[in-house]
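Keeping their order, the protein sequence lines are chains A and B.
The first sequence lines up with residues 1 to 82 when you count with this note's numbering.
The second sequence lines up with residues 1 to 82 when you count with this note's numbering.
Wrong hints could be hidden among the right ones.
To be verified - In silico BS3-like links for lysine-lysine, alpha-carbon gap of 27 Å or less:
1) B:Lys80 - A:Lys80
2) B:Lys32 - A:Lys64
3) A:Lys41 - B:Lys20
4) B:Lys41 - A:Lys65
No lab work stands behind these hints: they were computed from the structure.
Owing to the predicted nature of the structure, the values given are computational and were not obtained by experimental measurement.
2 protein chains.
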Amino acid sequence: MYQSTITITLRPSILDVQGKAVELGIHTLGMKEVENVRIGKSIQMTVNAPSEDEAKRITEEACKKLLANSVMEDFSYTIKSV
Amino acid sequence: MYQSTITITLRPSILDVQGKAVELGIHTLGMKEVENVRIGKSIQMTVNAPSEDEAKRITEEACKKLLANSVMEDFSYTIKSV
Numbered sequence: 001m002y003q004s005t006i007t008i009t010l011r012p013s014i015l016d017v018q019g020k021a022v023e024l025g026i027h028t029l030g031m032k033e034v035e036n037v038r039i040g041k042s043i044q045m046t047v048n049a050p051s052e053d054e055a056k057r058i059t060e061e062a063c064k065k066l067l068a069n070s071v072m073e074d075f076s077y078t079i080k081s082v
Numbered sequence: 001m002y003q004s005t006i007t008i009t010l011r012p013s014i015l016d017v018q019g020k021a022v023e024l025g026i027h028t029l030g031m032k033e034v035e036n037v038r039i040g041k042s043i044q045m046t047v048n049a050p051s052e053d054e055a056k057r058i059t060e061e062a063c064k065k066l067l068a069n070s071v072m073e074d075f076s077y078t079i080k081s082v
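Please model the complete structure; the sequences and the hints are all you need to start from.
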C-alpha cells in the first residue's frame with residue numbers, strides 16, 4: 001500500500017487572484033515581508049497497488065484525468081510505502 | 001530571501017467531503033485502488049527576511065493568524081533560501 005502526496009499549482013504565467021487576495025490580507029496584518037503568494041492544492045491519497053511503479057502510474061493517471069487541469073496547472077507528487 | 005512552502009490539511013478527525021467527492025470521481029474513472037482521498041491547500045510565498053529564523057517566524061505567524069483555521073486544520077511548512 002502506498003501513500004501519494006500530490007501538489008497541484010497554477011502555472012507561473014497564470015494570474016493567481018486568490019493568492020493576490022491572501023497577500024493583501026497578510027500585508028494588512030503587518031507582514032510586509034511576504035510577497036508572491038500563490039495558492040495550490042495538496043492531495044493525499046492511499047493507493048492499493050502491488051508495486052511502487054504501479055502506484056506511480058495510478059497517481060499520474062488520476063492527476064491527468066481528474067485532479068489537475070493540464071492547461072492551467074502543473075502537478076508533482078511523492079509516493080511512499082505505508 | 002526565502003521561499004516558504006506551506007501545506008494545510010484538515011485534521012484527521014474532520015470529515016473531508018471534498019475528498020470523498022473526488023474519491024468517488026476517481027472510482028468512476030475505474031481506479032478502484034485509490035482510497036482515503038483528502039484535500040488540503042499548498043501555499044507558496046516569498047519572505048524577504050534577513051535570516052531563516054526570521055522567515056520561519058513570519059511564516060508561522062501568517063499561518064496562525066490568517067492561513068490556517070487552528071480548530072479544523074493543521075499546517076506544516078518548509079523554508080529554503082532563494
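Each hint, compared with the structure:
1. With a C-alpha separation of about 23 Å, the suggested pairing of Lys80 (chain B) with Lys80 (chain A) holds against the 27 Å cut-off.
2. Between Lys32 (chain B) and Lys64 (chain A) the alpha-carbon distance is near 16 Å, which keeps this suggested pair within the 27 Å criterion.
3. The hinted pair formed by Lys41 (chain A) and Lys20 (chain B) meets the criterion: a straight-line CA distance of about 15 Å does not exceed 27 Å.
4. As the CA atoms of Lys41 (chain B) and Lys65 (chain A) are separated by approximately 20 Å, the hinted pair is consistent with the 27 Å bound.
In summary, the structure agrees with every hint in the numbered list given earlier.
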